[in-house]
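So the protein sequences, as listed, match chains Y and D.
The first sequence begins at 1 in full-length UniProt numbering and counts up by one.
The second sequence begins at 1 in full-length UniProt numbering and counts up by one.
Rather than coming from a laboratory, the hints here were simulated on the basis of the structure.
There's no promise every hint is true.
Simulated restraints on C-beta separations [what the hints assert, rightly or not]:
no.: 1; chain 1: D; residue 1: Gly99; chain 2: Y; residue 2: Leu877; range: 33 to 41 angstroms
no.: 2; chain 1: D; residue 1: Ala3; chain 2: Y; residue 2: Leu877; range: 42 to 50 angstroms
no.: 3; chain 1: D; residue 1: Gly99; chain 2: Y; residue 2: Pro533; range: 52 to 60 angstroms
Quick caveat: nothing in here was measured; it's all calculated off a predicted structure.
Here a beta-carbon is modelled for each residue, glycine too, at the ideal position from N, C-alpha and C.
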Amino acid sequence: MSLALIAALPFLGALLPGLMIRSGKNACALVTGSVTALALLMLGLNAPAVLRGEVVQTRIEWIPSLGLNANFFLDGLGLLFAGLILGIGLLIILYARFYLAKSDPMGQFYTYLMLFQGAMVGIVLSDNILLLLVFWELTSLSSFLLIGYWKHLPEGRQGARMALAVTGGGGLAMIAGMLILGNIAGSYDLTVILQSKEAIQASDWYLPALILILLGAFTKSAQFPFHFWLPHAMAAPTPVSAYLHSATMVKAGLFLMARMWPVLSGTPEWFYIVATTGLITMVMAAKIALFKDDLKALLAFSTVSHLGLITMLLGFGTAEAATVAVFHIINHATFKAALFMSAGIVDHEAHTRDLKRLGGLRTLMPITFTIVTIASLSMAGIPPLNGFLSKELMLEEAAHTAWMANPWLLGVLATIGALFSVAYSFRFIAHAFLGPVRSDYPAKPHDPGFGLWAAPALLAVLVILIGLFPMLTASWLVNAAASAVTGEAIAVKITHWHGLYAPALWMSLAAIGGGLLLMGLHPRLMAMWNATPRPEAKKIFDGIVEPFAALAGRLSNRLHDGSLTRYIAIAVLGIAAVSYYAFDSGAHTAGTREMMPIHPVPALGWLALVLATVAIVIYHRQRLLTLVLVGIVGLMVSVGFAYFSAPDLALTQISVEVATIILMLLALNFLPKATPVESTPVRRTWDGAVAVVAGVGMAALAYALMMREQAFSPISEFHITNSKPGGGGTNIVNVILVDFRGYDTFGEIIVLGIAALVIFALTEALLRAGPANDRLLAWRPDQRRAGDRHPMMLVVATRVILPIALMVGFFIFLRGHNEPGGGFIAGLIVAIALVMQYMASGFAWTAARQKVDYHALIACGVLIAAATGIGAWFNGLPFLTSAFGYFTIWPLEEFELATALLFDIGVFLTVLGAVMLALASLSRIGLRAGETVNVQPFDIDPSEGRTLNSGEVR
Amino acid sequence: MEALVASAIGLMTSAGVYLMLRQRTFPVVVGLTLLTYAVNVFLFTSGRLATNMPAIYGTGAPGYSDPLPQALVLTAIVISFGMTAVIVMMALGAFLEAGHDKVDMNDDDAPTEGGQK
Numbered sequence: 001m002s003l004a005l006i007a008a009l010p011f012l013g014a015l016l017p018g019l020m021i022r023s024g025k026n027a028c029a030l031v032t033g034s035v036t037a038l039a040l041l042m043l044g045l046n047a048p049a050v051l052r053g054e055v056v057q058t059r060i061e062w063i064p065s066l067g068l069n070a071n072f073f074l075d076g077l078g079l080l081f082a083g084l085i086l087g088i089g090l091l092i093i094l095y096a097r098f099y100l101a102k103s104d105p106m107g108q109f110y111t112y113l114m115l116f117q118g119a120m121v122g123i124v125l126s127d128n129i130l131l132l133l134v135f136w137e138l139t140s141l142s143s144f145l146l147i148g149y150w151k152h153l154p155e156g157r158q159g160a161r162m163a164l165a166v167t168g169g170g171g172l173a174m175i176a177g178m179l180i181l182g183n184i185a186g187s188y189d190l191t192v193i194l195q196s197k198e199a200i201q202a203s204d205w206y207l208p209a210l211i212l213i214l215l216g217a218f219t220k221s222a223q224f225p226f227h228f229w230l231p232h233a234m235a236a237p238t239p240v241s242a243y244l245h246s247a248t249m250v251k252a253g254l255f256l257m258a259r260m261w262p263v264l265s266g267t268p269e270w271f272y273i274v275a276t277t278g279l280i281t282m283v284m285a286a287k288i289a290l291f292k293d294d295l296k297a298l299l300a301f302s303t304v305s306h307l308g309l310i311t312m313l314l315g316f317g318t319a320e321a322a323t324v325a326v327f328h329i330i331n332h333a334t335f336k337a338a339l340f341m342s343a344g345i346v347d348h349e350a351h352t353r354d355l356k357r358l359g360g361l362r363t364l365m366p367i368t369f370t371i372v373t374i375a376s377l378s379m380a381g382i383p384p385l386n387g388f389l390s391k392e393l394m395l396e397e398a399a400h401t402a403w404m405a406n407p408w409l410l411g412v413l414a415t416i417g418a419l420f421s422v423a424y425s426f427r428f429i430a431h432a433f434l435g436p437v438r439s440d441y442p443a444k445p446h447d448p449g450f451g452l453w454a455a456p457a458l459l460a461v462l463v464i465l466i467g468l469f470p471m472l473t474a475s476w477l478v479n480a481a482a483s484a485v486t487g488e489a490i491a492v493k494i495t496h497w498h499g500l501y502a503p504a505l506w507m508s509l510a511a512i513g514g515g516l517l518l519m520g521l522h523p524r525l526m527a528m529w530n531a532t533p534r535p536e537a538k539k540i541f542d543g544i545v546e547p548f549a550a551l552a553g554r555l556s557n558r559l560h561d562g563s564l565t566r567y568i569a570i571a572v573l574g575i576a577a578v579s580y581y582a583f584d585s586g587a588h589t590a591g592t593r594e595m596m597p598i599h600p601v602p603a604l605g606w607l608a609l610v611l612a613t614v615a616i617v618i619y620h621r622q623r624l625l626t627l628v629l630v631g632i633v634g635l636m637v638s639v640g641f642a643y644f645s646a647p648d649l650a651l652t653q654i655s656v657e658v659a660t661i662i663l664m665l666l667a668l669n670f671l672p673k674a675t676p677v678e679s680t681p682v683r684r685t686w687d688g689a690v691a692v693v694a695g696v697g698m699a700a701l702a703y704a705l706m707m708r709e710q711a712f713s714p715i716s717e718f719h720i721t722n723s724k725p726g727g728g729g730t731n732i733v734n735v736i737l738v739d740f741r742g743y744d745t746f747g748e749i750i751v752l753g754i755a756a757l758v759i760f761a762l763t764e765a766l767l768r769a770g771p772a773n774d775r776l777l778a779w780r781p782d783q784r785r786a787g788d789r790h791p792m793m794l795v796v797a798t799r800v801i802l803p804i805a806l807m808v809g810f811f812i813f814l815r816g817h818n819e820p821g822g823g824f825i826a827g828l829i830v831a832i833a834l835v836m837q838y839m840a841s842g843f844a845w846t847a848a849r850q851k852v853d854y855h856a857l858i859a860c861g862v863l864i865a866a867a868t869g870i871g872a873w874f875n876g877l878p879f880l881t882s883a884f885g886y887f888t889i890w891p892l893e894e895f896e897l898a899t900a901l902l903f904d905i906g907v908f909l910t911v912l913g914a915v916m917l918a919l920a921s922l923s924r925i926g927l928r929a930g931e932t933v934n935v936q937p938f939d940i941d942p943s944e945g946r947t948l949n950s951g952e953v954r
Numbered sequence: 001m002e003a004l005v006a007s008a009i010g011l012m013t014s015a016g017v018y019l020m021l022r023q024r025t026f027p028v029v030v031g032l033t034l035l036t037y038a039v040n041v042f043l044f045t046s047g048r049l050a051t052n053m054p055a056i057y058g059t060g061a062p063g064y065s066d067p068l069p070q071a072l073v074l075t076a077i078v079i080s081f082g083m084t085a086v087i088v089m090m091a092l093g094a095f096l097e098a099g100h101d102k103v104d105m106n107d108d109d110a111p112t113e114g115g116q117k
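Isolated chain D (complex conformation):
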């Protein structure tokens, strides 16, 4: 089972990074979402895998899975929603402002030598 989970993490990371290296905002956002999944699952696995052992008293289970990574990942999921929402808005704003959705600055947007006086 561990090998499957590890390979899924790796695959989602690869796909995420590949999409983040694209030239347009939308694939970058999707790539970040995939990377978020990968990182959240990875954090979750730091508590090691366990089935049928929820971290709840009185379920009759022989033990409890590690609750701490679960709590951390829970907030991470919600926060990453907030961050995804922000970059989606930024992508949309950039598209509406500039008229294109490229992520790299072209020469017109490049900073000038030396900065302002």
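Chain Y with its partners taken away, still in its complex shape:
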């Protein structure tokens, strides 16, 4: 369980920042950090077992029929990555707290960050490749949100889109590759796949699977030729860059290659694709990095270069090289995250990160300078820092590996890559911090507060510690991770001195010497670089994407032209055509049921309905009359329900009818009272034809349905048999609602509550300053008002009726389980009783005397229903299992108590709250439109004959 919980914790934590941001930024950051720290702690608890060589597993069946299970496992590789993700995540949370400006929505930032963190942890802990793919896509999506966090910046939005297009596209390829792999291995579980090396490499599908999976890994890890998205993603806030582009997101591709290493590596295909790509990426990106003036762009290309280095090492396919790759993953994460954060500090304090405008910061920002120096020297591979250790080992591996039978090519190119690496690292230090203090910084730079430099400083300390004592601080983790990657027991030996005869020593020296030389020549090289034309990746990318976007835009504009009538006509005709085709091509027998005899009274009801419906169509331009006619139709429908043995439906329909008509009347108050003639006769004929097609189709379908027996015996028999013995109620419809299908009802009351909240939100939006509000304030009634708004007779009558109506509601509610009634109907009846008070005495006058918050009613209703359902868990039963019993308390007769009754209370409260909230929202619009609030219950004092109105309230 604990592994699944580690993966789930960040997702749960993603909910908290949005809630906590109201308590301040510190509380928000603290809570977010605590969740990550908790996950890290739980990971730590599993660490000893993993380091002993065990594999911790958690298996949860999710969709076993698809082979998709929530299986997690933790081995050395997973431990290393999860540790990096959570550990650096913790530092980033701290750093971001102080980095983000006041105007940045911090809660949102942390929510995105936690989503991303959860997705990353999910990738590294997944034991099921389908699950891994789910998390993989989640990282693409959440990184899109993070990169585009500064929505107001076009670069941010474009960078985010490019990152999503490239990594998401790679992810799609990877899905295909993984499915092939799963098919060959016969299982989607990684632990099984990792055992099937022979079968996979012997398969004809090995190469396609390899290429597809590598496409996913290369796009994610920004390998050539997909490296171009990473520099553009630097438009993100620096904490995001530091997190995504040093330790996590771009390492996901490396993780995947390392994870799949045991089954995919060792073949010539693997070597030539992976090692070559890594080598090209390493050298090319290192060269570009040297010529970037933007600190973050420099670091971005440096990251691409180092990712290429690790990819190349994994591509070599030997256990030694893979071990070095693992070691460099650790080192790169430490120094690169520190450097990104330092670049962010420079940007934060000096308001620029352009090397041309910087220089001389050494004395102004001594702390930052120290951190940058340590981290940069490590990046350059200067002893004794940790970057030196892994670079030496890399050069050693490269020197001993032949490429196309050429023994020296790899070594030379790796040295050149290292040489550029030295040059740009020194350039970072020299051009930003050394040199004379300038007078033209955009802002006066100084060291930031402790909060901002604490995280990079800690990483710099790690850089030194790993550099000085690699065997003590890092070898155990490298051993565990490398053993997991290679499947062999690895005992790495990391030393600073490999002897005079080790080629790495001379390669290193050449790299450092050459790097210093390049540094010296930099101004001249820079001029040459600027003079040479280069392909601009963004232009090419846009050139490919733009035509598609334009095509999609044209297509959707054609289809989606904003004409609702056209959509409806197309939908109606489409449904009719498909239904006719289905009926015509399917098999069916003639109806066997006999038609029920027609009695005169029901026939009269039918006639009333028909006449009212026809009248609606004829008189629909007179809107008030239309509402009266709709009332008649609704009434006839409810009478029809009553006639056809559905008393519950009749009660519901008639009370809903009342609420609907009141609601529409209230809205009509503000809408035009008549519909103008706008359509041509041809158009009306066409619409009529569409309507007739729909009507004839529905009538034919209904008739055909009713005249036939059910094709399969309905499950209703079960409900009829078990209603009393199983649910304890004699009203089967109600027992179905609150018991058998209680889960459905639960969902439905939630929908109803949401609908009411939507209405409330719409009202709030209308009442805010804007055209709607202006129109309301300037609103003049377009009809003559009645002399007495609150007629005495009505006021008195509704007050007398109120207690009776409430009692009826209570009665209907209580009998619901056994007789027609229940929470839905009772809620509507009570709502109508209250609405009558509104109508009689005025909204504000009544609301002032009735202190019930409708939001709270809805919330209580849903929570009571949920609590009733959860109650079943305590008895070890599934959600919403009901219980009932019969009790006798003197002097009452025996009565029944059922948990379904509690559930029905929840239904009752939600329905009441939702109906009232909807109507109250309309009344608030009325108040804004200048409806005055009466001080007295009646407008007219009959004894004096004068108007008592006072107090204009808007």
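Given chain Y, put chain D in place with the hints provided.
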């Protein structure tokens, strides 16, 4: 009886669709209400028609009408009230915001080519 119910469903559907094809919000809302009646009655009839046989124990009736469609339609009626309320509010909001109650977008409201950068 079945023919009457079927024809009533058809008629309400026709009227509903015709009104939904009008140009103003209010007839569209009324049309949707009529269509809701038609659909609810149609769902109800899927349990077949029966008189004097309520789905309640102990009424002395010779049998029970199908309770399942009734339960489904009951919630459907309440939900459709919620949805009607939402679109009534949307119609009102659109009228107050735009100053007219037409349902079709005119050229000024049409989306631009290609979307935003």
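Here's how the hints hold up against the structure:
1. Checked against the given bound of 33 to 41 angstroms, the beta carbons of Gly99 of chain D and Leu877 of chain Y, roughly 57 angstroms apart, lie outside it.
2. Taken as a hint, the range 42 to 50 angstroms holds for the pair Ala3 of chain D and Leu877 of chain Y, whose Cβ atoms sit roughly 47 angstroms apart.
3. Checked against the given bound of 52 to 60 angstroms, the beta carbons of Gly99 of chain D and Pro533 of chain Y, roughly 55 angstroms apart, stay inside it.
The earlier numbered hint that this structure contradicts is number 1, and it is the only one.
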